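K.L.:
As a plain string of letters, each chain reads:
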Amino acid sequence: MAQEPASLDIAGPSPVGFRTYSDLSRAHRWYVSVRRFMLHKPLGALGVILIIMVSAAALFSSTIANHDPETIFKKVAVNPLCDPVLAEQALTDPTVRLKYPAAVLDCGGAAQPLLHVAPSSEHWLGTDVLGRDLYSRIIYGAQTAMLVGLGAALIATVFGIIIGVVSAYFGGTLDFIIQRFVDTLQAFPPLVLLLLFGQVIADISLRTNIISLGILGIASTVRIVRSAVLSARQEVYVSAAQTIGASDARIMARHIFPNVTAPIIVTFTSSIGIYILVEATLAFLGLGDPTRISWGKMIEEGRRLGPASPGVAFYVGCALTLTVLGFNLAGDALRDALDPRMRGRGGRAGF
Amino acid sequence: MKNYILRRMVVNVPVIWLVATLVFLATSVLPGDFVAQRLAAQDPTSTDAASREAQIKRVRQELGLDESIPVRYAKYMGDLARLDFGVSFANKQPALDSLKDGLPYSLQLAVMSLIIALITAVPIGIISAIRQDGPADYGLRFFAILALAMPNFWVATRALRYVVRWKLWDIPSSTSPLLWEDPVGSLKLFAIPAVAGGLASGAGIMRLLRSQMLEVLRQDYIRTAWAKGMRERTVIVRHALKNALVPVVTVLGLTLAGLLSGNVVFENLFGIPGVGNKILVAVRSRDVPVVQAFVIIIATFVVFVNLGIDLVYGLLDPRIRYS
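Residue numbers (the numbering used here), protein chains in the order written: chain A, 1 to 351; chain W, 1001 to 1323.
The shape of chain W in the complex, shown without the other chains (with noise of 0.2 Å):
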C-alpha cells in the first residue's frame, strides 16, 4: 500500500512537469504580451515613438520579458521547483495572491452546487433504481437526461429573469457577499448558480448511482438480505447504496475539481469575483504568471484527486488490492 502511494506519486511529477512545460510554451507564443497590451491600452499618442521605445525595453527587462525563451523556462522551472511561483505583472503582487482571493468565492459556489447535486441526486436515483421501468423511473430518468441537455447558462439567464420579472429576491449587483460575511445577501446572490450549477451535474450522478444501484441491486448478497428478512430500508440503504456509492466518488471528486476551477460562466452572468473571472482577465491582459500558476495548481490539484479517489476505492471497496 505504501509502495502503491509513493509509486504513483513519483509517476505524478512527469504530468505535472508536462502541464508546466505545456503552460509555459502556450503562454510564450501568445502573439502580443503584456507590455504591449498595457502600453496600447494608455493613450498611444501622449509620448513620441522613441521614449515608448525605450518604456516598452524598460518594463520588458523589469518583467524579464527581455531573454530568450530558454533562459526563461529554465529561470521557470528553477522558481517552479523552489514553489516560486512569480510575481503578477498587473499588480506586482504573488501571483497566487490574485487566486487566493478569488478562492472563497469559487469554492462556496462549487460546495453549494455539490450540496444540491448530492441533495437531487442520490434519492431520484434509488427510487429510478428501486422502481425500474416503472412510471416514476422514467419521469426522473427524463429529468436527468434534459438537465444534463440544456445549457446552464441558459437555466440561469432563465432563472434570473423569473426572479427579477416576479420580484422574488432583488439580486445583490454590486456588492458579492459571502456566506459568512451576510448568509442572506450571499445566499440571494449565490442561489440560482449553485441550483442551475447543481441539477447538471446531479442528473449525471443520478444516471451513475441509477446504474450502479441496479447493478448491486442483482448481487447474490442482496437477495441473501432479503431472505433473512430484513426490512426494505436496510437493504437498500446499508447493503445496496454503500456499494453503489464507490463509482460515485470518482464523478464526485472530479466534479469537485472542475467547480473548483471556477465556473467562468456564472462568475461572469453573476458578477462574482471568483477564481473563473480572474483568470478570464489573466488571459485576456497576458499576465502570464498568474496563468501559469493556476493552470499548475488545478493540475496538480485534479492528479492528486485522482489518487486520492484510487485510495478511497481501496477502503470503499476491500475486494480492490493494491500492488
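Next up, chain A with everything else stripped away, as it sits in the complex (with noise of 0.2 Å):
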C-alpha cells in the first residue's frame, strides 16, 4: 500500500477536511506567529515595542520632535514693550538708555538663553545647557544611534559570515590562518584600536565609527558562524549535494547558509544594542562625530555642569538604557524561539 504523502507539506485544502497551520496565507500565518510570540514572550514584545519606538524616532525624527533640535531658545520677554534688540545695545551703549523709555529696555533678561529650565508644555523635557530643547535633541539623537547600531551590526554579520563560512566549509589551512587572523582581532584592545581609528583618520566622522567598530564585531561573528557552519558542514545534506556535483560556492550558499541564519540572527539583534552602547561611551571621552547629536555627548555635557541642570543626563541615560534593553530583551526572546535547546521540557528558559 502506497503511503499517504505527508498533508503537512500541500499547499492548500488539506485532504483531512481541517485547516492546518500551511493552510493559511501568507500573512495570516505571518499574523499567527506574531500573535504567538506577543503572546509567549510577552518581554520579547516589549523589546520589539522598544525597537519599533526607537525606529519611529530615528526615521521620522522631524515630525516626531516639537523643536528644532539645533535652536537655542530665548527668553520670552514679560513685558510687552520690550525691544531686546533695543536693549541689548543698552547694555553697552548709554545713549541708548537715554533715548528710549525705560520700559521698552525692560526686558527682565529677555533674549538671554534659556539654559537648563525645567518641563514645561513647550520644552516637554526642558532645556540642556545651551538652550536647545533637550526633547527634540533625544529624538534626533535616535538617528546616530539607529545608524551606529545597524550600520556596524550589517559590517560585522556581512564580512562574518562570509568569512566564516569559507573557513569552516573549507578547513585544514585556510582555516588555520583565517582563526589565526581572528585570534589577533580579539586580542588586540578594543580600545586601543578604536582610538587609533580615530587618531588615523584626522576628523572623526560617524562613518569611521561605525566601520571601526563593524571590524571589531567581525571576530566574534567569525566564531559564532564558523561553530555553527562545523556542525552543518557534517549533516547528510551537504554530502548529497556534494554528490550530485554541486558546486562549493553552490553548497555554500543554498545548503549550508540557509541553516545556519539562526545564530546569525540572535547575535545580529543583540550585537546592536552592545554597539549603541560603544558608540555612546566614545562620544562620552570626546571621540565621536563632533558634528552628530550623539547621547553619549549629551550625557557628558550634562555631567559637566553637574548638579546646575540635573534632568539632561539623566533622560539622555534613560533613552539610552531603554533602546538597549529593546535590543537585548529582543535578541533574548529570539535566541529562545529559534534555538532548539531551548525549547521543550522547561520551555521558557531565557526570557
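What the hints contain is simulated information worked out from the structure, not anything from laboratory work. In this text the structure is predicted, and so the values were computed from the model without any measurement. Positions of the beta carbon are idealized from the N, C-alpha and C atoms, including for glycine. Treat the hints loosely; a few may be bogus.
[Stated by the list, open to error] Pairwise CB distance ranges, derived in the manner of DEER restraints: (1) Asn66/A - Val1011/W: 35 to 45 Å; (2) Arg35/A - Ser1285/W: 51 to 61 Å; (3) Thr71/A - Pro1014/W: 11 to 21 Å; (4) Met1009/W - Ser227/A: 22 to 32 Å; (5) Arg1072/W - Pro42/A: 33 to 43 Å; (6) Leu305/A - Lys1075/W: 43 to 53 Å; (7) Arg1218/W - Phe37/A: 22 to 32 Å.
Take each chain as given, in its own frame, and dock them per the hints.
P.N.:
Laid out in C-alpha cells, this is it:
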C-alpha cells in the first residue's frame, strides 16, 4: 500500500478536512506567528515595541520632535513693550538708554538663552546646557544611535558570514590562517584599536566610528558562524549535494548558509545594543563625530554642568538604556525561539 | 597533555607577531609624529623656521624616526625578540615603566569589580535557576538585563551625583590612594567605579550561570542526587553549581583581561592614574613605544588567558580530553 504523502507539506486545502498552519495565507500565517510570539514572550514583545519606538524616532525625527534640535531658545519677554535688540544695545551704549523710555528697555533678562529650564508644555523635558530643546535632541539622537547600531552590526554580520562560512567549509590551512587573524583581532585591546582609528583619520565622522566598530565585531561573528557551519557541514544533505556535483559556492550559499541563519539572527539583534553602547561611550570620551547629536555626548555635557542641570544626563541616559534594553530583550526572545535546545521541558528558559 | 600545551603555545606565536605588526603599522601611518606634536605644543614663534627644522631633524634622529619604515620594523622586531619594548618618547624611561606605574590602580579596580560581580552574580544566578519562571526569577532576570543595558559611565555619574548631593562621603579628588596605602580613602575613591563596573559584568555572568544551572539541573545525576535523599544545599552547591561554573570560568578570564587593560572611562571620570589613562595620553601624544608595549602585553595576556581557560576546563570537566 502506497503511503499517504504527509499532509503538512501540501499547499491548499488539506485532504483531512481541517485547516492546518500551512493552509493559511501568508499574511495570516505571519499574523499567527507574531501573535504567538507576543503571547509566549511578553518581554521579547516589549523589546520589539521599544525597537519600533526608537526606529520611528530615528526615521520620523522631524515629525516626532516638536522643535529644531539646534535652535537655542531665548527667554520670552514678559513686558510687551520690550525690544530685545535695543535692550542689548543699551547694555553697552548709554545714549540708547537715554533715548528710549525705560519700559522699552526692560526685558527682564530676555534674549538670554533658556539654560536648562524645568520641563514645561513648551519644552517637554526642559532645555539643555545651551538652551536647546532636550526632548527634540533626544529624538534626533536616535538617528545616530540607530545608524551606528545597524551599520556596525551589518558590517560585522556580512563579513563575519563570508569569512566564517569559507573558513569552516574549506577547513585545513585556510581555516588555520583565518582563525589566527580572528585571534589577533580578539586579542587586540578594543579601545586602543578604536583610539588609533580615531587618530589615523584626522576628523572623526560617524562613518569612521561605524566601520571601526563593525571591524571589531567581525571576530566574534566569525567564531559563531564557524562553529555553526562546522556542525552543518557534517549533515547528510551536504554530502548529498556534493555527490550530485554541486559547486562549493552553491553548497555554501544554498545548503549551508540557510541552515545556520538562526545564530546569526540572534547575534545580529543583540549586538546592535552593544554597538550603540560603545558609540555612546566613545562620544562620552570625546571621540565621537562632533557634528552629530549623540546621546553619549549629551550625557557628557550634562555631567560637566553637574548639579546645575540634573535632568539632562538623566533623561538621555534613560533613552539610551531603553534602546539597548529593547535590543537585548528582543535578542534573548529570538534566541529562545530559534535555539532548539531551549525548547521542550522547562520551555521558556531565558526570556 | 604536554603536547597539547606545547602546540597551543606555538600557535600563539604567530598571533602575537600579527598583533605586533598590526600595532606597528597603525602607529607608523598615524598622521603627525611625536616630534611635530611636541614642538607644536611649544611656542611656535620662539625660534625661526630654519632652527626649528634642524631641531625637528635632531630629535627625530635621536628617537630613530628618521629611518624608513622597513628598517624601523626590522629594528622593532629585533628588539621585541629580546623582549625590549623601547623607551618612551615622552620621558625617556623604558616604555614598560609608565605602564607599571598604572598597573596597581587598574589591578585594584579590576579585582574590586570582579569581586562585586561574583558576589552579586553567583547567588542571583542560583536563585534564578532554582526558582525558574517564578516571580523571583523574573525580577532578578529583569534586573540583570537592565544592568546590562545601562551605560556604565551613566550609572557612575548618577552615583557620583547622589554621593555628593547627600554628602555620603568625600571623594578624594587630588590624590588617588591605593588600598594598601590608605584603605579608607582608597575605598571612597574606588567604591563607585567598582560597583558600576561590577554590576554590569555581574549581570552577564548571572545570565550565563543561570542558563548553565538550568541545563545541569535537568541531568540524570542531579535526579540521582535527589533520589539519594541528599539535602537541597548539597545537591545545588556540590552537584549542580560545581558543573555549572565551568563555562563561567571562561567569561571570568576574559572579563579580567578586559578590566586589566584599564577602564578608560572610569579612570577618566574619577582621576585614577591607571593603565587606561596612560594609554589614552600615549595615543594622543603619539608616544609610539608605550602604545606598542601596551598592546603587545595585553594581547599576550589575553592569548595566554585563553590557553589557561582551556586547561582549567580540562581540570574541571574530566570529560574533555585534549588531542
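K.L.:
Are there hints from earlier that the structure breaks, and if so, what are their numbers?
P.N.:
1, 3 and 5
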